[in-house]
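Trainee: Residue numbers (the numbering used here), protein chains in the order written: chain L, 1144 to 1352; chain V, 7 to 479.
Hints are computed from structural coordinates only; laboratory data are not their basis.
Each hint can be trusted.
25 Å max Cα-Cα, derived PhoX-like pairs, lysine-lysine:
#	chain 1	residue 1	chain 2	residue 2
1	V	Lys15	V	Lys267
2	L	Lys1315	V	Lys21
3	V	Lys169	L	Lys1315
4	V	Lys174	V	Lys15
5	V	Lys21	L	Lys1337
6	V	Lys171	L	Lys1315
7	V	Lys15	L	Lys1337
Bear in mind that the values here come from a model prediction, so they are computed numbers and not experimental data.
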Amino acid sequence: MSDEVDIPEVTHESGSGVPIEGNDIDTDQIIPARFMKVVTFDGLGEFAFFDLRFDDDDNQKEHPFNEERYQDSSVMVVNSNFGCGSSREHAPQALMRWGIDAIIGESFAEIFAGNCLALGIPTVTADSETIQELQAWVDENPNEEIDVDIEAETVTYGGETIDVTVDDAQRKALVDGIWDTTALMKSNAGEVQKKAEELPYVDDSTASS
Amino acid sequence: MSEGTLYDKVWDRHKVTTLPTGQDQLFVGLHLIHEVTSPQAFGMLEERDLEVAYPELTHATVDHIVPTSDQSRPYEEDSAEEMMSELEQNVRDAGIDFSDPNSGDQGIVHVIGPEQGLTQPGKTIVCGDSHTSTHGAFGALAFGIGTSQIRDVLATGTLAFEKQKVRKIEITGELSDGVEAKDVILEIISRLGTEGGVGYVYEYAGEAIESLGMEGRMSICNMSIEGGARAGYVNPDETTYEWLEQTDHFQENPEKFEELKPYWESIASDDDAEYDDVVTIDGSELEPVVTWGTTPGQGIGISEEIPAPEDLPADKADTAERAQEHMRVEPGETMEGYDIDVAFLGSCTNARLPDLRRGAEIVEGRQVDDDVRALVVPGSQRVQETAEAEGLKDIYEEAGFEWRNAGCSMCLGMNEDQLEGDEACASSSNRNFVGRQGSKDGRTVLMNPRMVAAAAITGEVTDVRELKEVNLA
Ligand code: SF4
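Given the sequences, and given the hints that come with them, work out the whole structure.
Mentor: Okay, here's the thing in structure tokens:
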């Protein structure tokens, strides 16, 4: 059994931006439940924000993900409580497969941020004014690069560098390349087994296996 | 930092080590899996040639996509069949117990765990499902996880997690007749907000909580996540132990019950435990709560007026405005009299036996309004079986309800049970997000199960306490 995996270090993400405006955008909006009836995540990208992008007859509605100018964007700029609601990892998976590598927002629902981290996607926060300015700037400069420096907790765009916040644990995990926890935790298997033996409710058969 | 709470104690008992990320590695005592979020995780395991570390601490069921009418195989819908076959394959290969539909034990994951005695005080319980907080009703530390974390738990039996703060929410006094656990949690969320619990675990306490049965406690813990709290729990007490004692797990091993009881008692919060925050709500003042908007935090008492967006905090105003437009409600109105097209009595919040019994008391001898389609979807096959034996199915069917097989059903509309067009639904479930019940124009009004029953009868949101000749005691 090999549990050796190479976990890339995520210190920087850069690319052009795409603004997604609105507070409390829940995971049902990011990926409607009917697209979750799949056994792999491949191909979820085209369904990101589906109901906000298409009407009942599958005609395109106005949405940044439909706009030509944002098709190559990889840094998404959102408002507050983004990703609330269902814990479905399909949501960040859909965004990642659409092309998103980093998200900057006012705040994120906790499970959503955790799910992003597990994919190596930073969720960086700043106050609402900063976010709105950035969204407006992206709107005017859809092809210009935004650089997210996870280690330094800064975002650089249009020749300006601003301070942002990256949760400490998240920053460390991304920067040190330890965000893929499976390999990390597998290496403690002996201690895990000991824990199992100590817990009164774990059957002896498990504890001795 | 909290100290001496159930959360602290269970955390310490399960902590393996602190990882270089600063997170703790926690041992997982029970891993529940279902068909929607696990297949991808099994796929990741396979990619890396890893095996399931603790199959005997893992338990599977099928709930989200399972049809609630015709359950013959293969399922009519190809994608549902594919997910089911994949799960069957995975549990067979790994040697994981599976409450499949032929077992008579199948049901919504958060109903079957407690029912079978798998859910116990002082366990760490995880599932790739945000309503895993339900199991906290037993004094377990239970929370929802994402697919990559499912992979971690499958591969290592552990989870990387950061410790959170603990907020004690004390509900004092006695709930008045017609007010239920569901109303308590809707009230908590509307007061503290859908993000109020971010970074916190909720400990529910106080007279009103202690006097609830396990099902009511589950309804409350279930919706912790709607208030932003990853987990919620109630300290175990005699009510908890009585429930546990009659589950198959402990009926088969009565000596285990005696053996574990001291552990359960030991992990309850100390009287002098320290909390990061304490909130007190007078339970005796509550009335039935209904939602007017599209987040579970947009709830009001049945006699209260819908708030004007401009009266709300700035960051909630635009969400409220959009919600009111979607729901077609106006500030200043109450929700009473709001037209209903569908009544859904189901979900892991409110589809256990006492929920169905209380609903039946309301519908007995009455008829569902001509313009309403009404359905009851029991939370599990066992609930269904007992309810049928008690005659509840007949009561509902005679009143004009459809009686279905167990599953998530219209809670999220992943099977054929969905709202159509802009239908408005009186729902006993936990989420009223736009599109949640299968139609993006659908409108969901969350409420307690008796209120759902009352709405089915009158065709509009109704104060169940005002229906004539009902006994709410
Ligand atoms: S009943 Fe609803 S909330 Fe509960 S597990 Fe099923 S889909 Fe999730």
